[in-house]
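K.L.:
What follows is the residue order along each chain.
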Amino acid sequence: MTGANLLLMMRCPEVPIQTSIALYLSHKLTKLGFDVTVAGTVAASKLLKVSDSDGYYVKKLVDLDKTIVDIIEKRTDFDICFAFMHNDAGMTYATTVSAISQTKMYSIVFGRNAEALAETIEFDCEKIVAQDVHNPVRLKNKLDKVMEEIMK
Amino acid sequence: MSCIEQMKYTIHLEKTSFKDAREYIEENSDEVYYVSPGYKIFKDYYIIGIPPVVVGAKGNALIFTYTKPCHGSFVLSIDDEDSVKEINRLRESGEQKEPASLKRSKLSESSKVSPASYQDMWKKEDLES
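Line by line, the protein sequences give chains D and W.
Here the first sequence is numbered in the numbering used here, starting from 1 and rising by one per residue.
Here the second sequence is numbered in the numbering used here, starting from 1001 and rising by one per residue.
Rather than coming from a laboratory, the hints here were simulated on the basis of the structure.
Incorrect hints may appear among the rest.
[Stated by the list, open to error] Only part of the chain D face toward chain W is listed, based on derived beta-carbon distances under 10 Å:
| no. | residue |
| --- | --- |
| 1 | Arg11 |
| 2 | Glu14 |
| 3 | Ala44 |
| 4 | Tyr56 |
| 5 | Ile68 |
| 6 | Val69 |
| 7 | Ile71 |
| 8 | Ser98 |
| 9 | Thr120 |
[Stated by the list, open to error] In the DSS-like style, the derived pairs of lysine-lysine whose C-alpha atoms are separated by at most 27 Å in a straight line are:
| no. | chain 1 | residue 1 | chain 2 | residue 2 |
| --- | --- | --- | --- | --- |
| 10 | D | Lys66 | W | Lys1058 |
| 11 | W | Lys1015 | D | Lys46 |
| 12 | D | Lys66 | W | Lys1043 |
| 13 | D | Lys104 | D | Lys74 |
| 14 | D | Lys49 | D | Lys152 |
| 15 | W | Lys1019 | W | Lys1043 |
Computed from a predicted structure; not experimentally measured.
The C-beta atom is built at its ideal place from N, Cα and C for all residues, glycine as well.
Sequences and hints are given; from them, build the entire structure.
P.N.:
Now the structure itself:
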């Protein structure tokens, strides 16, 4: 899978662990040889830019809505997509990407309602679920295992 | 920012789940059409949604879902010459149309909001999502 085109799809940054996990995943997956693009809302992207002002962890940062339009219009696509979600809107966006793209989907479901939200996912994906808001360690550990599986 | 935010629209439901938004459209439209996620309406709005994505027509108004990352799903309608074109396009394209007899039970009144102007809705949010 090394060299594969990979999208990290950030959502509303209301839940704190999203930013740290996005930075972690982007850096880790880039080091593993993936071509990583991070897509975010305006606020999520600003958080990332300030946290990583020299672009050390995130090499490609793009607008989420524009990226979805590019996929719909077949100007781009991705082999793998990690979709962050902590609310219904996040799940709706991820479902849309699943429907318009050939990508393999991984749903990162977090926040206080993570387990209930994960139950509502109807599209084909691997779910990484952690009912956490502030502490990213449990989610990070689960994602480490997912990355190990991807690299096998 | 899509073209929708530049248009004059009415908000029928706000900050709800996509499924409730879909149900509202099914219940409150004269005609109901099912389209794929990413279906394009107006100049450049691509509908974000969970299949089946629904678009309704009521008179000359097009009723559709609008999902914002931080604020959930909304039901909006636009009633102008462009909405008439969109409704005609749906009729002509042969998109799946649900029979009226399949309509589901109505949403509770508490989940509905009064129609409001688009400027009232967006000016306070500053599109920081």
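K.L.:
Which earlier hints can't be squared with this structure?
P.N.:
4, 10, 14
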